[in-house]
Amino acid sequence: MIPSAVRMGVLLSVPAVCAVIHYVAATGSPHRATHFVAPATQSVVTNPDLANKASISLDDLQRLVAGGLQDVVLIDARHPSLFAEGHIPGAKNFHVDAVENDVSIIVDQIDQMADVVLYCATKSCHDSARLFDILTQLLEYPNVRLFRGGIDAWTAAKLPIEKGPSQ
Amino acid sequence: MTDPRRRWVNRGLRWALGATFIVAAAGVPGTRWGRGKLSHPSSFAGSIRQYQMVPEILVFPVAVYLPWLELMAGVTLLAGVWPREALRLAMLLCTAFLIVNVAALARGLEVDCGCFGAAYHGSAQRESVIVVIMLAAAVGALRTIRPTPASSIDSAPGRRRTG
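Going line by line, the protein sequences match chains A and B. Residue numbers for the first sequence follow the working numbering, so the first one is 1 and each next one is one higher. Residue numbers for the second sequence follow the working numbering, so the first one is 1 and each next one is one higher.
Some clues are possibly wrong.
[What the hints assert, rightly or not] Incomplete in silico selection of chain B near chain A, CB under 7 Å:
| hint | residue |
| --- | --- |
| 1 | S43 |
| 2 | G46 |
| 3 | M72 |
| 4 | E85 |
| 5 | E110 |
| 6 | D112 |
| 7 | Q125 |
[Stated by the list, open to error] To be clear about the criterion: a stretch of chain A counts as covered by chain B if any three or more of its residues have a C-beta under 8 Å from a C-beta of chain B, and this derived list gives those stretches:
| hint | region |
| --- | --- |
| 8 | 15 to 23 |
| 9 | 51 to 65 |
| 10 | 87 to 101 |
| 11 | 105 to 112 |
I should point out that these hints are in silico values taken from the structure, not numbers from a laboratory. Backbone N, C-alpha and C fix where the C-beta goes; we use that ideal spot for every residue, glycine too.
This is chain A alone, in the form it adopts within the complex (with noise of 0.2 Å):
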């Protein structure tokens, strides 16, 4: 008979090794931002401070978007699935895992001195806060802002949405 104390070892200690394979797996490319992490002081995830600082009002991005997004990126940072159920209009759809998992896709479309503005689901989603602190800190993009109240806060001002894939 297997005493309690060790099956609890086992319960717990069987998915530490999965966790350590699947922990290499995950960071083992040169290409992958999987684990970057902002310094705290300088990560909008983590310092409310800073991510109202860099935020960008509802009524400025309607503005923006009623001017056809002249000389700026509206980037929607959420799955792919979610984009295509309804986004701003004229937002390209940059999903944060797939950011990174591999940063190119986003350095090869949007320009580095881009006035780039990002948002996610919800006023505490985070998808846009992490783009945001990889774009920012990592990549080194000067320019861009976050609209804190995502897709909820613009469809509860009853704006108009677009509807399907990014382009």
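Position chain B relative to chain A; hints supplied.
This is chain B only, laid out in the frame that chain A set:
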């Protein structure tokens, strides 16, 4: 409660808990729940980072380990392997999730818990309610395991397993 009824209550609670843990860890392919934490550890790492309770160096390792732990709890609960220990592991996970969610709420943090994968956006309040229900289910399932003189029901000679 009669023995057959007790067994079915225990099975029902374990299966519900097990399925919930597996969905939380691995997701359901082809649905919005398809982006489980196992396949998107960096998304889950973002959620963990928001709680500001884990040192940065440990964020990613924890984001990789926790989903495997949930999967282990889910599979053992569904399969009925070592049910007491599996339920204790489930209670341990639920208690830990509840503590961090309540701590985040107490500190006024706006967090997207990421508890059920990267495409699911749920507040700490809503997740706390779900976790309390899961914790109650785990306690209920543990209480409906027939008491045995041995430490585990499935190791007691001559006794039927509960699931």
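Going through the hints against the structure:
1. S43: This hint holds: S43 (chain B) lies near chain A, its Cβ roughly 6 Å from the closest one there, short of 7 Å.
2. G46: holds (4 Å)
3. M72: holds (5 Å)
4. E85: holds (4 Å)
5. E110: E110 (chain B) check passes; min Cβ-Cβ to chain A is 4 Å, inside 7 Å.
6. D112: Nearest chain A Cβ about 4 Å off; hint holds.
7. Q125: violated (11 Å)
8. 15 to 23: Held - the region 15 to 23 of chain A has 6 residues with a Cβ nearer than 8 Å to chain B, which meets the minimum of three.
9. 51 to 65: violated (count 0)
10. 87 to 101: holds (count 3)
11. 105 to 112: With 0 residues closer than 8 Å to chain B, the region 105 to 112 of chain A misses the three-residue bar; violated.
Hint violations for this structure: numbers 7, 9, 11, all remaining hints satisfied.
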